[in-house]
Amino acid sequence: GQNIDQPTEMTATEGAIVQINCTYQTSGFNGLFWYQQHAGEAPTFLSYNVLDGLEEKGRFSSFLSRSKGYSYLLLKELQMKDSASYLCAVPGGGFKTIFGAGTRLFVKA
Amino acid sequence: DAEITQSPRHKITETGRQVTLACHQTWNHNNMFWYRQDLGHGLRLIHYSYGVQDTNKGEVSDGYSVSRSNTEDLPLTLESAASSQTSVYFCASSTEVSQETQYFGPGTRLLVL
Chain A
254 GQNIDQPTEM TATEGAIVQI NCTYQTSGFN GLFWYQQHAG EAPTFLSYNV LDGLEEKGRF
314 SSFLSRSKGY SYLLLKELQM KDSASYLCAV PGGGFKTIFG AGTRLFVKA
Chain B
84 DAEITQSPRH KITETGRQVT LACHQTWNHN NMFWYRQDLG HGLRLIHYSY GVQDTNKGEV
144 SDGYSVSRSN TEDLPLTLES AASSQTSVYF CASSTEVSQE TQYFGPGTRL LVL
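In order, the protein sequences belong to chains A and B. Quick note: to get the working numbering, add 253 to the position in the first sequence (first position is 1). Quick note: to get the working numbering, add 83 to the position in the second sequence (first position is 1).
Calculated from the structure, these hints are not laboratory results. These numbers come from a predicted model, not from an experiment. It is possible that part of the hints are untrue.
As the list claims (entries may be wrong) - Subject to a maximum C-alpha distance of 30 angstroms in a straight line, what follows is the list of computed DSS-like cross-link-like pairs (lysine-lysine):
(1) B:Lys140 x A:Lys349
(2) A:Lys321 x B:Lys94
(3) B:Lys140 x A:Lys334
What the hints assert, rightly or not - Covered stretches of chain A, as calculated for chain B (at least 3 residues, CB under 8 angstroms):
(4) 296-307
(5) 346-357
To be verified - Here are a few chain A residues that sit away from chain B, every Cβ distance over 12 angstroms (derived from the structure):
(6) Thr261
(7) Ala269
(8) Asn274
(9) Gln290
(10) Gly293
(11) Tyr323
(12) Lys329
(13) Glu330
(14) Lys334
(15) Asp335
(16) Ser336
(17) Ser338
(18) Leu340
(19) Ala342
(20) Ala362
Where is the CB? At the ideal position from N, CA and C, for every residue including glycine.
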């Protein structure tokens with residue numbers, strides 16, 4: 254089965270860097286996803302890591318270590334609009350996706 | 084532009100009533116999913132479909148049903164609404180070629196009184 258753990262809430266300051274961690278246990282592995290969800294809105298896809306290492310996409314980077322069952326999402330130069338929930342997710346077999354409960358990030362001025 | 088829509092966006096109903104939530108996508112995706120989202124639980128899979136006439140149960144399927152008569156639509160029916168089904172419901176779709184990306188609809192907020 255799959256089990257995903259991520260912190261419930263985090264607070265960071267505008268302009269700073271924040272790292273959101275995710276640990277997972279899964280019976281098989283085909284990658285790890287990060288989604289962003291603003292309050293009252295739908296989740297939107299951020300990144301998908303299949304191989305170990307860091308992948309950078311502008312201000313956002315995602316890291317994966319398959320041997321440790323660990324990933325993190327790194328947000329640089331934080332902006333107020335980055336206040337949102339960040340969902341870690343893994344494939345659930347077939348074309349299903351299993352989502353973590355999400356980390357709510359508050360960015361303060 | 085291709086999109087995925089849900090209707091209604093908000094719904095209030097009474098315990099015991101049958102309710103149907105609509106999901107329509109113009110991506111021409113074969114894979115469609117229904118989730119519910121509750122505080123502390125994240126997104127939980129209710130039902131999913133990999134194509135016309137195909138439906139499958141997810142982890143929280145009790146009290147819900149779906150049907151897939153065409154590629155574009157996957158309506159979710161609550162057979163007899165219960166207060167425990169008060170939630171935000173999201174529909175999503177993905178392609179089998181690029182299954183790593185799920186496209187979500189805007190969500191339906193359902194309140195069962």
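Consistency of the hints with the structure:
Proximity of B:Lys140 to A:Lys349 is assessed by CA-CA distance (about 11 angstroms); at most 30 angstroms being required, the pair is judged to hold. Restraint check for A:Lys321 and B:Lys94: the C-alpha separation of about 43 angstroms exceeds 30 angstroms, so the hint is violated. Pair hint B:Lys140 plus A:Lys334 does not hold up; C-alpha atoms about 36 angstroms apart against a cutoff of 30 angstroms. Counting residues of the segment 296-307 of chain A whose CB lies closer than 8 angstroms to any CB of chain B gives 4, which reaches the minimum of 3, so the coverage claim holds.
With 9 residues carrying a beta carbon less than 8 angstroms from a beta carbon of chain B, the segment 346-357 of chain A meets the three-residue requirement, and the given coverage holds. Its beta-carbon lying about 8 angstroms from the closest one in chain B, A:Thr261 breaks the requirement of being farther than 12 angstroms from that chain. Listed as a non-interface residue, A:Ala269 keeps its Cβ farther than 12 angstroms from every Cβ of chain B; the least gap is roughly 26 angstroms. Remark: the non-interface label on A:Asn274 is consistent with the geometry, its nearest Cβ contact in chain B lying 16 angstroms away (cut-off 12 angstroms).
The beta carbon of A:Gln290 is not kept farther than 12 angstroms from every beta carbon of chain B, the shortest such distance being approximately 9 angstroms. Against the 12 angstroms criterion, A:Gly293 falls within the reach of chain B, whose nearest CB is about 8 angstroms from its own CB. Interface exclusion of A:Tyr323 from chain B stands, the closest Cβ pair being 19 angstroms apart, more than 12 angstroms. A cut-off of 12 angstroms between C-beta atoms confirms that A:Lys329 is not in contact with chain B; the least separation is 23 angstroms.
The beta carbon of A:Glu330 is kept farther than 12 angstroms from every beta carbon of chain B, the shortest such distance being approximately 25 angstroms. Its beta-carbon lying about 18 angstroms from the closest one in chain B, A:Lys334 satisfies the requirement of being farther than 12 angstroms from that chain. The claim that A:Asp335 is not at the interface with chain B holds, since no C-beta of that chain comes within 12 angstroms of its own (minimum 19 angstroms). Under the 12 angstroms C-beta cut-off, the non-interface status given to A:Ser336 relative to chain B holds; the minimum distance is some 17 angstroms.
The claim that A:Ser338 lies off the interface is violated: its Cβ sits roughly 9 angstroms from the closest Cβ of chain B, which falls inside the 12 angstroms cut-off. Distance check for A:Leu340 against chain B: the nearest CB is about 7 angstroms away, which does not clear 12 angstroms, and the non-interface claim fails. With a least beta-carbon separation of about 8 angstroms from chain B, A:Ala342 fails to lie farther than 12 angstroms from that chain, contradicting its non-interface assignment. Distance check on A:Ala362: its Cβ is at least 26 angstroms (rounded) from any Cβ of chain B, clearing the 12 angstroms threshold; non-interface status holds.
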